[in-house]
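*Asks:* Here's the letter readout for the chains.
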Amino acid sequence: MSIRAKTHGLLLAAATMGALGAQTPGVSFERDVKPVLEARCLKCHGVKMQLGKLDLRTRESAVAGGAHGPALVPGDAQASRLYRHVAGLEKPLMPMGGKLAASEVAVLRDWLAQGAPWSGALAEVEARKEPEPEDRTIAPEARQWWSFRPLRRQEPPKNGDAQWDAHPVDAFLFAKWREQGLRHAPEADRGTLVRRAYLDLTGLPPPPEQVREFLADRAPDAWERLIDRLLATPQYGERWGRHWLDVARYADSNGYEHDFDRPNAWRYRDYVIEAFNRDTPYDVLLREQIAGDEMEPASNARLIATGFLRNYAKVGFREKDNPQFRFDYLDDMIATLGRGVLGLTVQCARCHDHKFDPIPQRDYYALQASLWGYVEVDHPLAPKPEADAYAAAMAAVEAKLKPLREELQMLEAPYARQVREKKYRAWPKHIQEAVFTPEEKRTPGQVLLANQIIRTTGASPSEMEPLMTPADLAARRALAARIAVLDKQRPAPIPVAMGITDGDYRFTPDGAGDEPAPGKGVQREAVEGAFLCDGTRPYEAPPSYFLHHGDMDSRGRPMRPGFVQVATYSEMPVEMPPPHHRTSGRRTALANWLVARDNPLTARVMVNRIWHHHFGRGIVATLDNFGKTGEPPTHPELLDWLSRRFLDDGWSMKRMHKLLMSSRAYRLASGFSDPENEQRDAANLFGWRFRAQRLEAEVVRDAILAVAGSLNPAMGGPPVFPPLPEETLKSMDKGIWRRQPDGPETWRRSVYVYRKRGLPFPFFEVFDLPDQNITCGRRNVSTVPTQALTLLHNEFVIAQAGRLAARVMAEAGPSPEAQLERAYWLALGRPPEAGERAAGLSFLASQPLAGLTHVLLNLNEFVYLR
Amino acid sequence: MAFTDRRRFLFEAGGGLSGVALACLLSERGLLAADDASVCANTPADGSPFLPKQPHFAPRAKAVISLFMSGGVSHMDTFDPKPALERYAGQPLPVKGEVVVRQGHPGPLMPSPFSFQRHGQSGLPVSELFPCVGAHADELAVIRSVVGRSNDHVMAHYELASGTVRMGAPSVGSWVTYGLGSENQNLPAFVVVYDARGGPFGGPSNWSAGYMPAAFQGTVFRASGDPILDLRPPPSLGEEQMRARLRLLETLNRRDSERNPANSELAARISSYELAYRMQRCAPQAVALENESPAVKKLYGLDNPVTGRFGRQCLMARRLVERGVRFVQLYHGGLGNQNTDTWDAHGNVKENHTQHAAEVDVPMAGLLTDLRARGLLDETLVVWQSEFGRMPISQRGLGRDHNPGAMSIWMAGARIRGGQTIGASDEFGYKAEQQIVTVHDLHATILHLLGMDHTRLTYAYQGRRMRLTDVYGEVIPQIAAA
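In order, the protein sequence lines correspond to chains Z and G. The first sequence runs 0 to 865 under numbering that gives the first Met the number 0. The second sequence runs 0 to 481 under numbering that gives the first Met the number 0.
Do not rely on the hints blindly, as some may be mistaken.
[Stated by the list, open to error] Which chain Z residues face chain G? A few, computed with CB under 10 Å, are given here:
1) Glu256
2) Phe355
3) Val783
4) Ser841
5) Pro847
6) Leu855
In short, the hints are calculated from the structure, not lab data. It should be emphasised that the depicted structure is a prediction, and the values quoted were computed from it without experimental measurement. Where is the CB? At the ideal position from N, CA and C, for every residue including glycine.
Based on the provided sequences and hints, a complete structural model is requested.
*Replies:* Here's what the structure looks like:
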């Protein structure tokens with residue numbers, strides 16, 4: 000009995016024993032089976048589509064089966080996938096989104112057991128009236144949702160209050176307060192304001208001298224000048240660039256098993272910081288990040304910017320033979336563009352039409368087609384002649400190496416054979432037998448075993464050399480020496496940017512860190528093609544398809560690039576090929592659509608982000624979700640007014656900061672309370688007082704470094720690795736964490752600390768660092784005991800408290816009064832009040848100054864922006 | 000949740016906290032002066048993000064201890080005997096289609112190098128690798144038909160941890176903590192203790208809170224020394240110095256709160272220092288294994304260098320559960336050297352599994368015995384799992400490659416009927432065949448035993464009510480039946 004038959008015998012026995020129900024006598028195909036198949040199966044496995052490549056219209060096609068094997072094994076229900084999936088023996092349960100009645104399952108089982116008699120071809124009952132999913136459009140009324148409507152032209156309300164009508168933002172807010180019966184807070188004191196502005200715009204507390212200067216500056220435009228000055232500091236980009244890096248899910252490592260280092264990822268981080276510092280208009284920022292490689296003239300910055308799309312966490316397997324991962328990377332890009340730029344959860348439409356928002360699945364796959372051509376490339380950051388020269392020099396060395404390597408291999412071959420034979424003889428008997436049995440006489444099992452052993456047994460030079468004749472040994476060493484010399488002749492590498500461009504992923508060269516598919520060689524549909532297009536013929540993107548249920552084996556029609564329909568108000572090209580024809584121009588078209596003046600979402604979403612970071616809560620609280628499941632805007636008119644203003648100001652973010660911060664609303668006190676307000680709007684949705692905000696993880700660390708006088712202001716460049724406890728390093732799976740001493744080299748701003756996907760920096764993690772693998776606009780804020788433990792006991796904090804004490808001592812001299820005064824100014828930007836002075840001096844009478852500074856770093860006031 | 004601004008929900012929930020509590024505690028007769036026992040027995044009423052919450056229905060278990068064998072345990076060599084492997088040894092695996100292995104190419108069928116014995120009244124077969132766990136056969140429900148979605152270590156770890164192979168989703172422990180809070184506010188609710196040789200595949204992402212607030216992530220307890228990072232001040236700072244600092248901090252923060260009465264977060268933050276202080280006192284006590292009797296230490300194998308390492312982890316787990324910690328995640332197998340320090344038996348399944356089973360058998364049996372003796376087993380769910388099973392075919396004659404198509408997992412405690420097997424893999428153990436159990440099903444079952452309906456435990460994120468089980472998951476009926 001063959002194993003196969005044996006297996007079936009057992010299975011049948013198991014089925015009989017399993018008491019799966021009594022036999023249905025006399026099942027009729029026409030009467031019992033056909034209606035079930037036609038009504039419940041053919042919708043997805045019939046004429047319109049064959050999900051899983053399965054067609055159930057004829058017996059032949061059912062027996063032939065689909066991607067997962069035959070659906071029907073006549074005479075054997077247990078082996079028939081048709082039965083297994085409807086009976087729940089295998090997942091997913093079929094039919095999708097429903098369940099057959101027990102009697103129907105029994106009918107199918109008995110019919111299969113009876114040999115599955117069949118007559119004729121089946122036809123799907125109930126013709127579908129809906130358009131096919133690939134063609135699905137949206138209803139006109141879908142555009143009625145507030146965020147899909149065009150930006151309204153809006154004039155600020157006239158409240159008849161000169162003070163509050165002067166600034167448009169104030170006019171809008173004031174009108175709401177009046178409408179809601181809310182009293183607004185008074186203006187915060189100037190000391191609070193200068194600290195607020197510093198922390199908000201630069202992420203650093205103000206130096207005492209700057210506070211004093213501002214307090215002394217009674218000119219009417221002192222506040223505006225302060226804002227201008229802070230917007231012009233490079234620390235602004237480090238602070239606000241970090242907000243965007245959250246959206247861009249930026250990290251310095253791959254994630255997943257190997258968590259490989261991304262040695263050039265930091266260039267993208269620096270690009271973002273610099274772009275914010277230059278006030279690169281937001282539309283340009285988006286164009287560069289989405290299609291920088293297609294823009295003219297080419298520039299390093301634009302190539303680096305394309306790293307935005309490549310910031311996804313990446314599995315180490317090559318996409319060309321593991322296409323499933325590519326779909327996940329694209330999903331991540333679509334999620335990032337959707338939530339990050341459009342404020343829409345487009346990624347929900349991967350498997351079905353969006354459940355809440357008017358986003359048909361078609362839109363998802365249109366976006367996917369717009370991005371589909373992308374391939375990962377390391378753009379050389381050198382003028383073309385230099386890059387070409389580098390490539391040529393590398394090729395020349397390779398050309399010289401090739402014959403030498405071949406010669407070496409020839410020479411080594413007989414010795415390698417000897418070494419391997421010796422190794423074979425060290426295996427247990429059954430393995431030796433398999434290996435030494437002549438190939439044609441091996442049993443099928445021995446073929447497999449021998450194959451495994453032979454393929455994985457190698458011979459190293461140190462194993463071969465002792466066996467060599469003196470002449471061969473000398474020849475081998477001479478060859479090896481020549482190879483070593485040539486190896487050193489490779490040109491010095493030129494810097495590269497981690498980015499993307501268009502190409503054909505199916506021909507990706509094998510790169511470092513790539514692994515072939517588990518147990519597979521390269522699998523691809525196309526036999527001919529090239530990784531990158533040289534422009535001699537126009538680039539053509541590889542085909543992409545609509546995927547039913549998001550299943551890569553359930554292809555629908557090929558997809559054309561396109562956009563989210565509900566946010567499209569004019570006919571726009573979906574492809575704008577550049578003159579060099581090396582790319583498709585689909586991403587350029589996508590970027591153009593995103594930043595089109597009639598796109599209702601892009602400006603609103605970005606203005607709202609900026610508002611959120613200034614005021615602590617967005618006009619729309621759900622920054623990444625402007626859809627029906629998001630929060631409604633508290634001030635829709637204001638949002639529209641600001642969005643128009645943003646467009647009219649040429650998408651300038653710095654102008655937006657200036658506009659928002661120059662409002663009176665921004666300057667309100669945060670400590671104000673009013674019993675009636677608490678009744679009407681306890682959550683302060685209408686901004687009647689300023690919202691105090693816990694500093695973000697990076698700002699807590701940067702503020703500690705800054706007040707201690709430790710902060711190394713160097714900008715940009717490769718990331719730094721502050722020390723980690725040994726125990727934490729042990730929890731790390733793979734990848735890198737370089738050992739750098741705790742000192743000025745690592746006392747850089749937190750935006751430069753290595754972002755390792757597999758190991759978030761503990762200090763940041765404890766202060767609510769968001770998951771680094773998904774786009775994030777709004778961070779969580781929690782208050783947990785481990786934060787207190789960190790600020791109380793962490794060696795870094797204690798050391799910096801000591802440095803702050805030393806600084807105070809040096810700047811204030813020996814008098815405790817002067818020390819207390821200076822410590823307060825440095826840490827909090829103000830003098831101590833009488834009660835604080837008394838408590839502090841009494842403390843200093845018995846305790847060291849470093850104790851006082853340590854306490855200051857732990858104060859609520861220190862870790863809150865208010 | 001009823002909070003207008005969800006991300007700031009934690010302490011505001013308690014509301015109306017004042018600085019009075021800490022001030023009192025810091026007084027001469029208060030917390031600072033109290034002994035450990037009275038500090039740790041006293042659970043503060045509010046201020047913690049982990050206040051106990053009501054389950055959906057009466058729970059069978061209050062806590063979970065998850066024993067995760069990192070690297071991939073071979074089911075055919077442990078809890079799923081396959082006599083057919085003897086009969087067809089050396090022949091190819093008779094299946095249609097491609098046999099996908101993780102490394103290289105498929106080999107021929109390989110019998111288990113281990114014999115199986117029937118144990119207990121149930122006669123549950125357990126391999127000779129686990130004589131001591133085998134003695135608990137009548138307490139184990141072995142699920143032989145669990146399937147995973149990835150044959151990659153890390154992605155498979157993530158799936159078991161969070162239900163998805165992708166990074167960024169909250170782990171089971173986070174969901175449980177989110178759903179139920181903790182019985183003890185002086186300790187973290189979700190504790191992870193990994194192998195002293197190193198963390199599991201995939202590292203800290205295994206206990207990440209994903210898109211939930213970071214408060215719900217697992218807290219790593221180290222197996223020796225201070226259990227929590229930064230739990231105690233460095234030795235250079237004396238006790239009296241720290242007290243003086245805490246007193247000044249409290250005074251200054253209280254003055255600040257008086258100036259800013261509107262901001263309840265400030266009170267919450269003051270309260271978090273009190274909790275931190277309690278944790279500092281209570282966490283070392285919770286893992287003070289030296290307080291255990293010699294008999295208990297021996298029960299867990301602490302007297303033996305082979306079993307001592309995992310024994311310490313298991314004993315810590317019992318002490319933590321005893322103190323009301325909700326979810327304890329243990330890992331055996333650490334990434335010092337993947338082939339020798341984890342269950343990843345590519346090279347030689349006999350050597351690898353003999354070594355690793357010997358390290359965990361006594362401690363796990365000791366844990367079950369001890370939980371039973373203390374009356375804790377009925378309210379504690381113990382889950383033994385790995386990221387995938389292994390192949391019935393050999394890798395280079397002696398090893399076995401990864402196989403997510405079938406794995407065996409057992410559960411004990413929580414009044415689960417022991418001595419039963421659930422589901423079945425095929426004749427060779429290549430694929431799960433009868434009553435296929437997905438990871439979503441496992442998660443649904445764990446939540447069920449804790450009194451939660453997996454379809455109702457949701458967290459609003461990005462416009463969706465997210466679930467641990469996505470849109471899938473069915474409770475395993477044999478486990479649910481008490």
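*Asks:* Hints first: check each against the structure and report whether it holds.
*Replies:* Status of each hint after checking the structure:
1. Glu256: 4 Å, holds
2. Phe355: 7 Å, holds
3. Val783: At 5 Å from the nearest chain G Cβ, Val783 of chain Z passes the 10 Å test, so the hint holds.
4. Ser841: Holds, about 9 Å.
5. Pro847: Cβ of Pro847 of chain Z sits 8 Å from chain G, so the hint holds.
6. Leu855: 8 Å, holds
In summary, the structure agrees with every hint in the numbered list given earlier.
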